[in-house]
Amino acid sequence: MTATTAVEPGTAAPSAAPPRRSRAALLTTGLAVALVLSALLAAGVGAYRIPTGDILASAGHRLGLGGHPLGRVPESVLWNVRLPRVVLALLVGASLGCAGALMQGMFGNPLAEPGVIGVSSGGAVGAVGCIVLGLDSLGSWTVTVFAFATGLLTVFAVYAMSRSGGRTEVVTLVLTGVAVNAFCGALIGVFLFTADSAAINQVTFWQLGSLSQATWGKVLGVLPFALVGLVVAPLHARKLDLLALGERPARHLGVDVERMRLVLITVVALLTAAAVAVSGIIGFVGLVVPHLLRMAAGPGHRFLLPGSALGGALVLVAGDLAARTLAQPAELPLGVLTALIGSPFFFWLLRRTRTKQGGWA
Amino acid sequence: MRPRTRQIPERPSLGEELLSAKAVRLTLGGRELLSGADVSVRSGEVLALLGPNGAGKSTLLSVLAGDLPPAAGTVLLRGRPLASYGTAELALHRALLPQSSALSFPFEVGEVVRMGRAPWAGTAAAAQDGPAVAEAMAATDCARFAGRPFTALSGGERARVALARVLAQRTPLLLLDEPTAALDLRHQELVLRVARERAAAGDAVVVVLHDLSLAAAYADRVVLLADGATVADGPVAGVLRGPLLSEVYGHPVEVLAHPRTGSPLVLPVRG
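As given, the protein sequences belong to chains A and B, one line each in that order.
Sequential numbering of the first sequence, starting at 1, is according to UniProt numbering.
Sequential numbering of the second sequence, starting at 1, is according to UniProt numbering.
By construction, these hints were calculated from the structure, which means they are not laboratory data.
Hints are not guaranteed to be accurate.
[To be verified] Beta-carbon label-pair distances, calculated as ranges: (1) B/Pro69 <-> A/Leu350: 38 to 48 Å; (2) B/Ser154 <-> A/Phe347: 53 to 63 Å; (3) B/Gly79 <-> A/Arg351: 49 to 59 Å; (4) A/Phe205 <-> B/Gln7: 51 to 61 Å; (5) A/Arg354 <-> B/Leu28: 26 to 36 Å.
[Said to hold, decoys possible] Away from chain A, derived, C-beta distances all over 12 Å, residues of chain B: (6) Ala91; (7) Ala138; (8) Glu254; (9) Arg260.
[Said to hold, decoys possible] To spell it out: a stretch of chain A is covered by chain B in this simulated footprint if at least three of its residues, at any positions, have a beta carbon under 8 Å from a beta carbon of chain B; those stretches are: (10) 106–113; (11) 250–256; (12) 296–303.
Each residue gets a CB set at the ideal place from its N, CA and C atoms; glycine is no exception.
Sequences are here, hints too, so could you generate the full structure?
Okay, here's the thing in C-alpha cells:
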C-alpha cells in the first residue's frame with residue numbers, strides 16, 4: 001500500500017445511523033421549537049401583556065423585515081425590560097447546560113457539575129466580598145467582574161486539587177467540592193459578619209440567583225464567553241466520547257488528553273463564571289439537563305453538548321417566566337426555583353447511580 | 001481545531017522488525033519495575049510475553065505503547081525512537097488492549113467498537129470504518145449484542161468488545177494485555193486464533209499471557225520476564241522448559257508433549 005495524505009476536518013461524518021441518532025435529531029428539533037415558543041411567551045407575559053403578533057411585528061420592524069413599531073410603552077417594555085431578560089436567561093441557561101455536559105464528560109461522571117464542585121460558591125465569594133466591602137472601582141460592573149474572577153479561580157483550584165497522578169477520582173472530586181463549598185461559605189460568613197444590613201440584603205438577593213437585573217449590557221457581557229464556549233465545546237465532542245473509555249485508552253486512540261482537558265476546563269470556567277457573574281447562583285441546571293438528555297438520546301457528545309445548551313436555555317427561559325409570574329406581583333428568585341426542583345432530582349440521581357454501580361469506587 | 005494533514009503509515013513488509021526495546025529500565029515510586037528488559041517483535045509473528053506476577057509484563061507493555069517513558073534504554077518503532085511520535089500519529093501504528101475495560105457512560109457496543117476507528121477520522125482509511133467495525137465484531141463474536149449498552153454486559157462480553165475495538169483500529173502493531181483473563185475456554189481459543197490471523201495477515205502481535213500452555217500453542221516466540229528483566233527469548237520449545245520455568249515461577253513445573261499433537265503442555269507439579 002502506498003502512503004497517502006488526507007485532511008482531517010473538524011467534524012467527521014458519522015457513517016452508521018443507530019436509532020439513537022434519529023432520536024437525537026428529533027430531540028434537537030423539539031428543544032429548538034420549544035425554546036422559540038417559550039421565548040416568545042416569556043417576552044409577552046407579565047404585568048404588561050404584549051400579544052405575540054405585536055412582538056413579531058416589532059421585531060420585524062427593527063430588523064427591517066416589515067412589521068410595525070408598537071406604542072411607546074409596549075415598545076419600551078418589550079425592548080428594555082422583557083427581551084434583555086429573555087435573552088440573558090437563554091445565554092445563561094445555554095452556558096450552564098453546556099458547561100455541565102462538558103464537566104460530566106471530562107470527569108467521566110454524571111454527578112460532576114460546576115455547582116457541585118464549588119464554582120458557584122467561588123463566584124459568590126467575589127460578589128459578596130465586593131458588595132460588603134463596598135468596592136465600586138469598576139462602576140456597576142464591579143460585582144460582576146469580581147464574581148467572574150473568583151469563579152474562574154475556583155474552577156482551576158478544584159481542578160488542580162482533585163487530580164492526583166494524572167487521574168481524577170469521583171470521591172476526591174466530590175469531597176474537594178464539599179471542602180471548597182464549605183470554605184467559600186466560611187468566607188462569605190466572615191464578610192456578612194462585618195456587613196451592615198443593607199449589604200446583607202443585597203448579598204442575600206444576589207445569592208438566591210435572579211435575572212431581574214437583566215440589561216442589554218449584561219447580555220453583551222456574557223455573550224462573548226457563551227459564544228466561545230458554545231463554539232469550542234462541540235469541536236471536542238468526538239474526543240470526549242473517547243475519554244469515556246478512560247484516559248489511557250483515549251490516548252491510545254490519538255487524543256492528547258492533557259491538552260484537551262486544559263482547553264475544556266478553561267471553557268467550563270468561562271461559561272460558568274460568566275453565567276454566575278450576571279445571574280448569581282442558579283444551580284442544578286448543568287447537572288439535570290445533560291443527564292436527562294443522556295437518558296433520552298444516549299451519551300454521544302455530538303448531540304449532548306449542543307443539546308444541553310439548548311435544553312439549559314429552555315429550562316432557564318421557562319424557569320424565569322415561572323419565577324416572575326407564579327407569585328405575581330412578587331417575584332420568586334430563579335435560583336430558589338431551580339434548586340427546589342433540581343435538588344430532589346440530584347438525590348434521585350445519586351441513589352440511582354449508586355445502585356447501578358453497586359457503591360462508589 | 002485546524003485541519004491537519006496526516007500520513008497513513010505504510011504497511012510493514014513481512015518479517016520487518018516493527019518494534020524493538022533494548023535494555024529498558026524504569027523506576028516508579030522508588031521501585032525498580034524494569035531493570036534491563038529486551039524485546040522485539042516482527043510483523044507476521046505472535047510474541048507471548050510471559051512471567052510471574054510483578055515481573056513487569058504490563059509495565060513493559062506500557063513502555064512499548066508509549067505511555068511510560070523509560071528511564072534508560074532505547075525503544076524504536078519502525079526504526080524511529082518511540083518518543084518522537086505524536087499521540088495522534090502513534091494511534092495509527094499501535095493499538096493496546098488494557099487488562100480491564102471500563103466505560104463512564106452507557107455507549108452501545110457498536111459505538112464502542114467504532115471508537116477504535118477514531119484515529120483514522122479524516123484520512124482515506126476512514127472509508128473502511130464500516131467494514132473494519134463489522135469484521136472486528138464478527139471476529140470476537142460480539143455482533144449479537146451490538147445494540148446493547150456496554151455497561152450492561154458481563155465481564156467476558158466486555159473483554160471481547162474491548163478486543164473488537166482494538167482490532168477495529170487496524171494498526172500493524174497489536175499489544176494485548178491478558179486478553180484471555182476474563183474469558184471462558186472457547187473464547188480464549190477464539191481470541192488467540194484472532195491474534196494468529198492478524199499475524200498471518202502481516203501484523204505484529206505482542207500478547208501478555210498467564211496460561212503457558214496457551215502461549216505454547218499459539219505463540220511463534222516467547223519472551224520470559226523475571227524481576228523486570230528478560231531472562232529468556234526464543235521459540236516456544238527453547239524457552240518453555242521445566243527447569244527454567246520452575247526457577248522463574250518459584251514452583252516446580254513440568255513440560256509434557258501432548259500425546260496426539262506433540263505440542264508442549266506446561267503443568268505445575270501438584271501433590
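Handout entry: Beta-carbon spacing of B/Pro69 to A/Leu350 - inside the hinted bounds 38 to 48 Å or not
Key = Since the Cβ atoms of B/Pro69 and A/Leu350 sit about 40 Å apart, the hinted range of 38 to 48 Å holds.
Problem - Given as non-interface: B/Ala91, which should sit over 12 Å from chain A by C-beta - result: 3 Å, violated
Handout entry: B/Gly79 versus A/Arg351 beta-carbon gap, inside 49 to 59 Å or not
Key = 56 Å, holds
Practice task
Kindly confirm whether 53 to 63 Å is satisfied by the beta carbon distance between B/Ser154 and A/Phe347.
Solution key: 30 Å, violated
Exercise for the section: Report holds or violated for chain B covering the segment 296–303 of chain A, Cβ cut-off 8 Å, minimum 3 residues. Expected result: Result for this restraint: holds, n = 3.
Exercise for the section: Starting from the hint 26 to 36 Å, judge whether the C-beta atoms of A/Arg354 and B/Leu28 obey it. Expected result: Holds: the Cβ-Cβ distance is about 33 Å, inside 26 to 36 Å.
Handout entry: Cβ distance range 51 to 61 Å for A/Phe205 and B/Gln7, holds or violated
Key = 60 Å, holds
Problem - Reported absence of B/Glu254 from the contact zone with chain A (all CB gaps over 12 Å) - result: Per Cβ check, B/Glu254 is outside 12 Å of chain A; nearest 38 Å; holds.
Handout entry: Closest CB of chain A to the CB of B/Ala138 still more than 12 Å away
Key = Nearest chain A Cβ is 15 Å from B/Ala138, so the label holds.
Problem - Least C-beta distance between B/Arg260 and chain A, which was stated to exceed 12 Å - result: The claim stands: B/Arg260 keeps its Cβ more than 12 Å from every Cβ of chain A (closest is about 40 Å).
Practice task
Report holds or violated for chain B covering the segment 106–113 of chain A, Cβ cut-off 8 Å, minimum 3 residues.
Solution key: holds (count 3)
Handout entry: Given coverage of the segment 250–256 of chain A by chain B, tested with a Cβ cutoff of 8 Å and a minimum of 3 residues
Key = n = 6 at 8 Å, threshold three: holds.
Hints 2, 6, counting from the list given before, are not met by this structure.
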